[in-house]
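*Asks:* Here are the chains, one letter per residue:
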Amino acid sequence: DTGVSQNPRHKITKRGQNVTFRCDPISEHNRLYWYRQTLGQGPEFLTYFQNEAQLEKSRLLSDRFSAERPKGSFSTLEIQRTEQGDSAMYLCASSLGYNSPLHFGNGTRLTVT
Amino acid sequence: SQQGEEDPQALSIQEGENATMNCSYKTSINNLQWYRQNSGRGLVHLILIRSNEREKHSGRLRVTLDTSKKSSSLLITASRAADTASYFCATDAGANSKLTFGKGITLSVRP
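Each protein sequence line maps, in turn, to chains A and B.
Per our numbering, the first sequence starts with residue 341, numbered consecutively.
Per our numbering, the second sequence starts with residue 17, numbered consecutively.
Any given hint could be a false lead.
Pairs of lysine-lysine, DSS-like flavour, derived with a Cα cap of 25 Å [claimed, not checked]:
#1 B:Lys85 / B:Lys119
#2 B:Lys119 / A:Lys397
#3 B:Lys42 / A:Lys397
#4 B:Lys42 / B:Lys85
#5 A:Lys397 / A:Lys411
#6 B:Lys72 / B:Lys85
Honestly, the hints are just simulated from the structure, not real lab data.
Could you build all of it, start to finish, from the sequences and the hints given here?
*Replies:* Below you can see the structure in the form of structure tokens.
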């Protein structure tokens, strides 16, 4: 069990630029989740996949956000035309499925200047 | 939206004391989970309790669930300085739903 891996750990970008984050889940896990967390708050759900199918996407997610999991393994989260309000920790987690705990990566901290 | 609400928001205790944290939620759930987060790191799963369970133990952790009151508590016994972290409760409403987290409790254990 190598754990959930997220890259990069930190990303600083200028407003208006596009950014892409990658998540490698635990290999046998078929569910993959993306959450966003700001200082002093709990993780806020963004989207999740069952294998390669994106099953739910938060209404909080604008059309600037897109996530993919092309082969049911790793996932990418892209933010287009970043805004300062996008600054947060982006957390990825994976699980075996229903009624199973989530295993989190250490996150990607995004700073938009 | 965040379904779970933890109480208190912050807790400071002496090493060796017990720490009790509470969580309340609004809608019916399939299970409730507790997680810990150290500063700047991802969350670590502590314990999962299903809606048909009332109490669960894991090492120094004891979790209770009262579905009639829509509440749960996490007890950490004989706390250690290494228990200093943020603790979150999260609710799972069903097979195709996501896990919804509360805002968390900051626990400080003084050596």
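*Asks:* Hint by hint, say whether it matches the structure.
*Replies:* Taking the hints in turn, this is what the structure says about them:
{"no.": "1", "hint": "B:Lys85 / B:Lys119", "in the structure": "19 Å, holds"}
{"no.": "2", "hint": "B:Lys119 / A:Lys397", "in the structure": "21 Å, holds"}
{"no.": "3", "hint": "B:Lys42 / A:Lys397", "in the structure": "21 Å, holds"}
{"no.": "4", "hint": "B:Lys42 / B:Lys85", "in the structure": "9 Å, holds"}
{"no.": "5", "hint": "A:Lys397 / A:Lys411", "in the structure": "19 Å, holds"}
{"no.": "6", "hint": "B:Lys72 / B:Lys85", "in the structure": "17 Å, holds"}
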